[in-house]
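As given, the protein sequences belong to chains A and B, one line each in that order.
Numbering-wise (my numbering), the first sequence opens with residue 514 and increments by one.
Numbering-wise (my numbering), the second sequence opens with residue 514 and increments by one.
Just so you know, these hints were derived from the structure itself, not from any lab.
Identical copies carry no separate label here, and so any pair may be met within one copy or between two of them.
The calculated lysine-lysine pairs, modelled on DSS-like cross-linking and capped at a C-alpha distance of 27 Å, are:
| no. | residue 1 | residue 2 |
| --- | --- | --- |
| 1 | K676 | K640 |
| 2 | K615 | K521 |
| 3 | K615 | K645 |
| 4 | K645 | K676 |
| 5 | K593 | K631 |
| 6 | K521 | K676 |
| 7 | K640 | K593 |
| 8 | K631 | K676 |
| 9 | K521 | K645 |
| 10 | K645 | K631 |
The model shown is predicted, which means the values in this text are computed figures rather than measured ones.
There are 2 protein chains.
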Amino acid sequence: MTDKPFAKGLVEIFTGSGKGKTSTALGMVLRALGHGLRVHIIFFMKGNYPYGERNMLPQLANVSFQSFGHEQFVDPQNVKAEEREQAGEALQAARAAIASGKFDLVVLDEVNVAVAWKLIEVEDLLKLIEEKPQNVELILTGRYADQRLIERADLVTEMVEVKHPYQKGIKARKGIEY
Amino acid sequence: MTDKPFAKGLVEIFTGSGKGKTSTALGMVLRALGHGLRVHIIFFMKGNYPYGERNMLPQLANVSFQSFGHEQFVDPQNVKAEEREQAGEALQAARAAIASGKFDLVVLDEVNVAVAWKLIEVEDLLKLIEEKPQNVELILTGRYADQRLIERADLVTEMVEVKHPYQKGIKARKGIEY
Chain A
514 MTDKPFAKGL
524 VEIFTGSGKG
534 KTSTALGMVL
544 RALGHGLRVH
554 IIFFMKGNYP
564 YGERNMLPQL
574 ANVSFQSFGH
584 EQFVDPQNVK
594 AEEREQAGEA
604 LQAARAAIAS
614 GKFDLVVLDE
624 VNVAVAWKLI
634 EVEDLLKLIE
644 EKPQNVELIL
654 TGRYADQRLI
664 ERADLVTEMV
674 EVKHPYQKGI
684 KARKGIEY
Chain B
514 MTDKPFAKGL
524 VEIFTGSGKG
534 KTSTALGMVL
544 RALGHGLRVH
554 IIFFMKGNYP
564 YGERNMLPQL
574 ANVSFQSFGH
584 EQFVDPQNVK
594 AEEREQAGEA
604 LQAARAAIAS
614 GKFDLVVLDE
624 VNVAVAWKLI
634 EVEDLLKLIE
644 EKPQNVELIL
654 TGRYADQRLI
664 ERADLVTEMV
674 EVKHPYQKGI
684 KARKGIEY
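Only chain A is shown next, with the shape it has when bound in the complex:
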């Protein structure tokens, strides 16, 4: 029961230091599934940690995902060759998903960070965007969105941290932040 709502897929970016970037993408995935769209998510930086969304996504129809990167956080001052390699594989998987014709919406989660930390080249991501079929909607999330990506995107929201419990010493909580 596909209920294809758009002829031209846009490029949307959710960036900034505030909470809500990956959550927005997940909410948009839920909404898209409700309209019968087919969705694929590439997690660029999430490693294998059992995030709440990983428990839920396999229970939903018409959405698939692939994860890349390690459980540990990448140290941007000391990026390892292996980390670059994994990010490159993620980008390759993104290209394949977008070109496959199987998906209406493709989410590249934390791809902005992968660019900012030089795990992948912004030129390669711009090329992926240029080459995408017109009907595929693309969502890019993560802090530090490159200015060239912002210029290319159709929609950009910056999540600004007005107030955060980390400021009060409250740690990230399972089920809420991840």
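Given chain A, put chain B in place with the hints provided.
The following block gives chain B in isolation, referenced to the frame of chain A:
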């Protein structure tokens, strides 16, 4: 299989004019469900329009929702008594859900707008927050978050519109924006 991740529920606000407020709440709902939390959503301003999320939410376990308001947009310069009444009912439903002990996470979608347009009193919402059981997490979404709510909240993200396709004349698209 409840996997209760927090002892103290916070109050989180997603506001601003940029895209991603309701989507963030929905993404957080998905994540919370993945951890076995029980969720209730009150839509303050969505009327009965068949949004994508309405198709999906009934398919998920452990999440329920109630909708209030009309299909038409409220005119803030000319609020009708009936619209105030509906918003009052939504607030009463929120109070009941929060006090019921049945939910770990309660989302009050577009409640900030209901306050800004004087459909409900900010004092009544502050009272609801004060009276909520400690273990209930509360998410408030919508533009124009009242400064007193921001002061009370533990986490506030402002979605800033950096770039929006409306600026280019592209209309809201089913499956993506609603």
